[in-house]
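Chains as they are written, first to last, in our numbering: chain A, 1 to 364; chain B, 365 to 726; chain C, 727 to 1259; chain D, 1260 to 1539; chain E, 1540 to 1837.
Everything labelled a hint here was simulated from the structure, so no lab data went into it. There may be inaccurate statements among the hints.
Here are the computed distance ranges between Cβ atoms for each label pair [unchecked claim]:
{"#": "1", "chain 1": "A", "residue 1": "G335", "chain 2": "B", "residue 2": "Q534", "range": "20 to 28 Å"}
{"#": "2", "chain 1": "A", "residue 1": "V331", "chain 2": "B", "residue 2": "Q534", "range": "52 to 60 Å"}
{"#": "3", "chain 1": "E", "residue 1": "S1548", "chain 2": "D", "residue 2": "A1336", "range": "53 to 61 Å"}
{"#": "4", "chain 1": "C", "residue 1": "G970", "chain 2": "E", "residue 2": "V1808", "range": "55 to 63 Å"}
{"#": "5", "chain 1": "D", "residue 1": "A1398", "chain 2": "E", "residue 2": "E1759", "range": "50 to 58 Å"}
{"#": "6", "chain 1": "A", "residue 1": "K112", "chain 2": "D", "residue 2": "N1428", "range": "43 to 51 Å"}
{"#": "7", "chain 1": "E", "residue 1": "F1586", "chain 2": "C", "residue 2": "D888", "range": "43 to 51 Å"}
{"#": "8", "chain 1": "E", "residue 1": "R1638", "chain 2": "D", "residue 2": "G1277", "range": "29 to 37 Å"}
If you're wondering where the values come from, they're calculated on a predicted model, not measured in any experiment. Every residue, glycine too, gets a C-beta built ideally from N, C-alpha and C.
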Amino acid sequence: MAQIDIVDVGHTYTAGAEQERWALKPMRLTLEAARTYALVGPSGCGKTTLLNILSGLVKPAQGRLLFDGSDVTALPTKARNIAQVFQFPVIYHSMTVYENLAFPLRCRRWDKARIEARVHQVAEALGLDHRLRQPARRLTADDKQLISLGRGLVRDDVAAVLMDEPLTVIDPQLKLSLRRRIREITEQFRPTVVYVTHDQYEAMSFAQEVLVMKDGRVIQQGTPEQLFEAPASTYVGYFIGSPAMNFLTVERVGGQVTLAGRPLAMAWDVPDAPQIQVGVRPEYVKIVGEPAANVFPTRVRGVRDHGPQRVLEVELAGQLIKVKTPREDGVPATGQILVELPRAKVLPYVDGHLATTPRAADPE
Amino acid sequence: MTLDATDLSLTVDGVDHLKDVTASFQPGRLHTVIGRTLAGKSTLLRVLAGLQRVDSGSLTRHGADFLTTPVWRRDTAMVYQQFINYPHLTVFDNVAFPLKRAGVARDEIRRRVQESLARVGLTEFRRRRPSQLSGGQQQRVALARALVRGAGILLLDEPFANLDYKLREQLREEFKTLFSDQGDAVVIYTTTEPAEAMMLGDVVLVMHEGRIIQTGPPGEVYDRPATTTVARIINDPPMNIFTGRIAGGRIAVDDLQVTRVPAHLADLPDGTYQFGLRAPDIALASAGLQAEVTFVEISGSETFVHLALSGTGFVVQIDGVHDIALGDRVSMRLRPERLFAFDHSGALVRSPSSGPGSPEGR
Amino acid sequence: MNRKQLTKSLAVPVAVLAITVAGCSGSSGPEQKPDKPALFKPGSEISYAKYGKDYPTTKVKDVPGPCSYESISRKDYSGQTLKIISHAVPVIGEPTQLHARQFEEITGAKVEVVNVPFGELHQKILTPLQAGQPAYDVMFYPSLWIGDMAPYLVPVPKEYLDAPGMKDVTKAYLGVATWNGKVVQYPVDGDRHYLKIRTDVLADRKHQAAYLAATGKQLRAPQTWAEYQEIASFFGGKDVDGDGKPNFGSAEVTKRDDLVFSAFISRAAPYVKHPDVTGGVFFDVTTMQPLINTPGFVRALEDMVKAKSTWPAGGANFGLGDEIFSFGGGQALMSYSWDDAFIQAQQTDSRIRNRVAAAPLPGSAEVYNRNTRTWDKIQNQAPYFTWGWTSAVAKTARNQKMAFDYLCFFSNEANTALDLTIGRFGVNPYRNAHFDPGFWQAQGWSKDVATAYVNTLSGMEKSTNRVFDLRVPGVNEYMSSLANGVAAALAGQQTPQQALDAVAKEWTEITDRVGKDRVQEAYRNVVALEDNS
Amino acid sequence: MSRLYATFKYTLISVWAGFVVGPFMWAVLTSFKDANGVQGGATYLPWVQYEPTLTGWQNIFGGAGGVDVVRPFLNSAVITLVASIISLALGALAAYGLSRYRFKIGFIANSDIIFFFVSQRIMPPVVLVVPFFFLLQWANLLDTIPGLVIVTVALLLPIAVWVMVDFFNGIPRQIDEMAMLDGCGPFGAFVRAILPNSVPGLTVAAMFCAVFGWNDFFFAFRLTFTEIQTLPQAVVALNSSIPPWWTLSAAALFGMSPLILLAVWVERYLSKGSLPGVIR
Amino acid sequence: MDGLRRHKSMFLLPGLLTLLLIIVFPLLFTIRVSFSGWNVSNPEMDFVGGANYVKVLQDSRFWAANLRLVLLAGGTVLIQYLIGFGLALLVWRNVRARRLWRVLFLVPMMTTPVVMAAVWQMIFHESLGPVNDMLAKLGIAPVHWFTEAGPALAALMTVEIWQWTPFMFLLMLAGLLSLPKEPFLAAAIDGAGAWRTFWKVTFPLMAPVSVSAIIIRLIEASKLSDTVYVLTSGGPGSATESPGYYLYLRGLKEQQTGYAGSLSLTYLVLMVITLTIVAALLARAFKVPRQSSKAKEQ
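Next up, chain A with everything else stripped away, as it sits in the complex (with noise of 0.2 Å):
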């Protein structure tokens, strides 16, 4: 398992467009060994490239990129020692699964003793253990994507181990379990892990830290709770939860932060902008009795019944945002209500970026 260190790399597919055009523009990024890292993004973002880039199979068109400190982008595929599990499950088919387990070592020119060994400990570790003689071809697509991986984890020197959406074709029911397990067995084996998804929640699911991509660049990297408390940008907010961070866009009157006329206390130093947002979550915004400090007046406009919580539309300053109230709180009686947004929570944005603490992994 290494580190890796991806130095001003960027990626065009049609030769000599402007930068502002690459799929990927360039960036600077160090993914620590031994960490899992989900990459986020919706499609055209650039995720599959930068992960070609990882895999070799695109050779970036500048920028360095290395494995524990040593250049790899010449590299091809074979030389670059990573593991990849891909969205289709990719077997052997006319090998078992023992065998399947055992191909990259044997490739490698192990002794059959030791690559027993292996195989066992990799294949108990996969639940694999009383099938390694069945033909690989008749398991089901999860165990399948199980071999995938396996066949990453028996290399004990593996850089790397890359996934490509790795549930895509997994029956929804096994999805679950399948993320699962492969979580646990990255636990257990503690590769470096580069995990792409477009599914948000896969990412949060899988990954120590999410990478969010978008236009060719990394707009934010962090834990997922980071991500969650404290979005980089409008579009992070709106990417990651849901439903989605709401956005109201505020005054600024001398040193103060206005909404609807009333001032808003906010944890943080808001910046002098033209124009201002506040993000606040749904789910901290608090219906109250009273009216107090950063109480707003609101008006209903719809509701939607999630189960557990109901999801109130409402009004507040001519700017509709959503507000989270569980079940039993039942459904207000009267069409007009008070909304707290709690100063800790609310945060300041200035042309769609977070104002307040510095952008992370944001290229410059």
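Dock chains B, C, D and E against chain A, hints included.
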């Protein structure tokens, strides 16, 4: 104008795909059919559409036999889970297709197609082919095509299941508006997700292994699931079900006292029950039952923590996203006032929404 | 319905419908238009030159008569179609095409010609005839098939038999065209096998001396098959004519599905045709016992197997064309078959023009007497009149007059004179007029060559110990069986005796299948030709 | 890729290319020879080793010494085209039915019916030709284009079914279902929703039909007399006991030309990537 | 779409009935004629019982032809498969002038077998053809292409291979082009070399295509007769006779329709049995998964 199914049954290779399905679908209402994969939801829709024969049972529309009516005369539109459009036609022609078949005048077609496309937000894509669109856009085309005809029966087979969750969220939001003016159409929507059933449905039908096991308004089904199976299906994450004993005013799982008997269960005789508790109704606390974190999932804005409590698994839902490491030991606290009680066969005995002494049942 | 009825119900409609269809389409009578003015003056000059540079520029005079250009050009056949099947181009197929085009030009008729490889011709003609399908009006085919074809042919009408050109056909070839006393085939070709040699080698003093030194014998045109073998093997593989390429002793037609049976019969003739024995060569006509495996035939096959060493590469699979190219092209020094190779060698652009000679087929020093079952030591010669192309008009022909007019035009004196000089046409002398050395000298042949040629041919007409083809129904089956046997022996798959025993067995089966009486009756005709000559 | 491997690879490719081209080259050389150019032995260099002539080519375009190939060419084209269209139409219909519906006639199921279609290719032509002769005679269709078309359909239909069943199986059923829901009858759904999306499959089937239809010699030869001649027949008519090799070569080259163009077209299709999905 | 029972026949029936109409009569006719003595001089549907079949059993030439077919069809198809697959691999990717090669490699399949056989006949001509001429230039004695059994078989097989390798090439290339990329990447990641990648990835993935291509070719190759007819006429002797050509000889050339009928049926039954067995064996040999013929996981 109702669509009535009576005792529809279909067995293929010894497996029941439909078993004595009886349901009445009302005009102007949105019915959600919820069930796990392969519960028979799609089969039911296909039977209603005329794409699948049945072994027995009857289907009537306006009181007249509908089973013998061929597909193309059933006045039925359908949206599939897979993004199914005519690959060779442009977006415009895709939407115009059913109108052309119905012999609608050219100007009228143009007007209605444009209107429909505008409603799903695809006006600027009308000249593209489906393959040049994203998954979400493709499904919007399918929706537009289903809508444009004003069909009497509208079937939607997990239409958003293959979209990623942001899109799913968005289309779900739009859905009610899109279908608000379908007038007297019978709308049937299948899903595996409780949130969709809750949000969209006027009526929820819960399907399991080819049978409809409960029917009712969403809130009703949610608050009073008839069986443990319904309780699991209608909740995400599935309701925690555990077997315990009521004895001496306490509820115990094996030898572990987990909680006191809440008021609404107070009059239940001592004995063994299956208890149900929703994931949000368990809290992580500083003190309480000691459990080990086996898995953590993050779903939207919630964190689902899977816990093992002396061999029994529990799922706890907490608001917000939290970094919790696997293997941690945490304390959890059940909210006894939210407990459901089921008998050994799984039938609901008492729910939190019913007062003490009021018997459950249908 | 029982099985018998079922099978009947299957066969009957087919047969009935076949007959109905045939009847219907045959019933529309030909329309006879009045004559139109002639396009040719009597005795005008005829040449093929205008049809391309593949044709000689030779000019001949149109000979007056009912079949002349002048007479035929009076006929008006516009709006009518004549359907002809012929052999593949060029052998007989090309003259069929050429004369069809001319016939179209001068009569206004539309002529459709289909050309078919030799191996297919028999069934392609016979199948529709037997099925009653009016497929062809005029058919060109090997004359020995007369036994199969005769029932479906229109006898040549008297007016054509009386034409001067027909009167001039030699007795042998008119005999070949006759079946049960009626002339049913229209003679267009006269074929026989004879020997062809290269005089620039065989008559060369140097070579003669060398040959004498080596064998103690005079080098001359071989008189016997043994001599033929000796000469052939002496010169085999050496470049004796100085063209830089090796020469070979002999080229023979040996391809199974081509005409190997004719070559074999030529080789066998002197061993099996005893001047004093009558009653058939292939069968004993009284018992219809096959004689094909008697010692004479076996000896000939042994000779042929031995001769393999003298053939050029591929010589064991030579078709007629290969033989022609081999001898006509100067590769093989000797060959025996029809005229084609000889005419090819005498073409104006040939390298070996006038360096060749024709001679009678080799004979033998002894002949098998099947009555006494002994080999009689006599010098024996037995010319083989092997088939030759012929033509005929089908009974189903819509306009029989037009069909015969085409044939008489095809074979009119002017056309025949030109056709005879084009080797690839496969048209060979069959009229008395053709046995005139002057005619050939006019084509540029040297006097010696022309004289030897004419003498060889006319000598055969005069011979009294001749072999004719097995002109009986099912002849193709007999010959195909014989070809199989010969091919098996040549390929070394069987000994000559084994091979011919198998052939004899098959021949008996064929006779039984075709009907012994029918075959016997037909064979009597052949035997009569042979014995009465 | 190492240099050694590249050399090895291009050597192999060139060797096979040479083998493929050889016969064509020989036919081209021969088509410009005449008897003198042929009978002395093999010659390769025109003007040096033999004097080139156009005889062979003149002979096939109306020269008196040959067989005209223009009319046979047209006949072949018409027969191939019509028979291919009929086979594709019937084959696509049947394949669609077999792909979408379950048939059960006694113990016979879909796979058996498909096998029945495909198994027709096992029949040696010799088995069929005599009965065909009587069949066509009965229908008065011997020596006619319709007659040959019928027979050719019997040869091509199995190919069309074989290709199309696989292809239709690859088109989602939901598309035709949707078309029916949209108001098309089963046939309308096929024509309006499925056929327009079957172009790659139909193309491949059409290619095979063209190849096998155009190249049929056996049936055309035996079921015609003088009226209808197909191109292979015209070429074989030159296979005489004294074969005019130059004319034969010219005719052979002419006869293959349209299908060689087909090869170019198939390759384009292959490179575009539409074909690989069809043949599995 | 089982709800549409009534409409399904209208799709199947036109094609099925057409084929039945065209095929059933010939088949019944052949069965009937095989019990008759129909021949050229006696073209009648009489009844001779099983006499023809007894003759078939004793017909050593027929059985020899069948055995020969095993070599001719089996051998050429195997070689075609190897070469076709090899060529497809060569021009699959990373090759200059790829499209030129592909067209070139397809062309022979498009040519008419009888016509090409005539051209090959010139080429193999023992004294006038270029093959022997070039061998002579290399100092090799002329090969008796059509007059010795061995060379004749070799010539025949050469022509068959020339003509039909493109068919294999087409199917195999199409198969290769439709393969997913991931397995190859996976093999590269696992550290497999070219040889191992071929045997463990390419070959197994191509197994279903291989099996169907081989079977289709075997079906077509078993009918081998046009080429024999023009090229060798079955010679020398009967050394290159295929059953198809032998049937043609008996049935059409000699017009022993009845006997040929019984030969045909015997042959047909043999073929169906053999091909069925071969298909099953191939599927096992190539380890083709039974449930699906598609290479990709779904």
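The hints, checked one at a time:
1. G335(A) to Q534(B): 20 to 28 Å: Once the Cβ atoms are compared, 26 Å apart, the range 20 to 28 Å for Q534(B) and G335(A) holds.
2. V331(A) to Q534(B): 52 to 60 Å: 23 Å, violated
3. S1548(E) to A1336(D): 53 to 61 Å: 34 Å, violated
4. G970(C) to V1808(E): 55 to 63 Å: 57 Å, holds
5. A1398(D) to E1759(E): 50 to 58 Å: At 28 Å between Cβs, range violated.
6. K112(A) to N1428(D): 43 to 51 Å: 44 Å, holds
7. F1586(E) to D888(C): 43 to 51 Å: Distance hint for F1586(E), D888(C) holds at roughly 49 Å.
8. R1638(E) to G1277(D): 29 to 37 Å: Distance hint for R1638(E), G1277(D) is violated at roughly 18 Å.
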